[in-house]
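Chain order of the listed sequences is A and G.
Per our numbering, the very first residue in the first sequence carries number 1; after that it's consecutive.
Per our numbering, the very first residue in the second sequence carries number 106; after that it's consecutive.
Keep in mind that the hints were calculated from the coordinates and are not lab data.
On a predicted model such as this, the values are computed, not experimentally measured, just so you know.
Errors might be hidden in some of the hints.
Unchecked claim - Listed next, the stretches of chain A that the computed footprint assigns to chain G, with coverage defined by at least 3 CB atoms under 8 Å from CB atoms of chain G: (1) 20 to 34; (2) 42 to 52; (3) 57 to 67; (4) 73 to 87; (5) 90 to 97.
Claimed, not checked - DSSO-like mimics (lysine-lysine), calculated; alpha carbons at most 27 Å apart, straight line: (6) G:Lys149 <-> G:Lys217; (7) A:Lys7 <-> G:Lys254; (8) G:Lys254 <-> G:Lys149; (9) A:Lys37 <-> G:Lys182; (10) A:Lys7 <-> G:Lys182.
Ideal Cβ positions, reconstructed from N, Cα and C, are used throughout, including at glycine.
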Amino acid sequence: MNTENEKLGRSSAGFAMAASITILFSTALAWAKDAYKPLNSFMDALAWHNWITHGLADVILFAGLGLLFSRTTWVERMVPSRLITFLVAAVVMAGAGLFIWYAVF
Amino acid sequence: MAITSSDVILMAHATSGVLGILSAMWVFVETLNAREENAGRIRKAAWIAALCMILTWILGGYWYLHFYPLDRALILKGPWPFAHTLFMETKEHLFFVPLILSFYLPIAASDKLYVNSAARKMVLCVALLIGLSGLAIEGSGAIINHGAKVALLQSITGRGR
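Can you make the complete structure from the sequences, with help from the hints?
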């Protein structure tokens, strides 16, 4: 498949970038709340349980960044294969990063 | 026979998760053969995958918050404490990956996949990532379940097996 000459739609590209960033943010947030208990307690207080707050933060970030990036042209101009590589790398880093974190700490 | 609401919700969350994975695989296979005729079907399957993942989030979240603390206490006293400390901790956070990807899938599938190979490749990757991460989460669920089982066996027999 030749993906170098074809572009993703603006929404598709914008939300792909948003998904990648949100997945990395979610992983970092999991590490942060596990390492820093006051953050965990703060997130417990925000929406009854830190896991609910975590999920809502992810969804809000994904929607917010997606809408933002969909209104700009720089993500749309990106080579699609780079966006795909970034998304796959983010998912692999999240999976490995979470598993290794909880195995070690 | 005593089937509690906890049992129903537990089974329902795993089932909706599997249906979400199957829907993502449905998108994957249809996208491999993307034509104008199946464009509508790909979009419908992508929405079904997203709806199944939202349902899994709600059901799994409800069970995790209301019923899991008892299982957690049991697992931590049993011979497989890592079923909670490693697999449950990873599972509950890794779940956000297929959740976000399933939100993105209908957006990616809204492009004209039958004329745009880049969009097609994106949908294939996202569907496959949902499938793989979903399977890892389902597998973790089986390990957590076994962690509770060996803990109960230990409490009855005095040993793990």
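Hints violated by the structure (numbers, ascending): Violated hints: 7, 8 and 10; rest satisfied.
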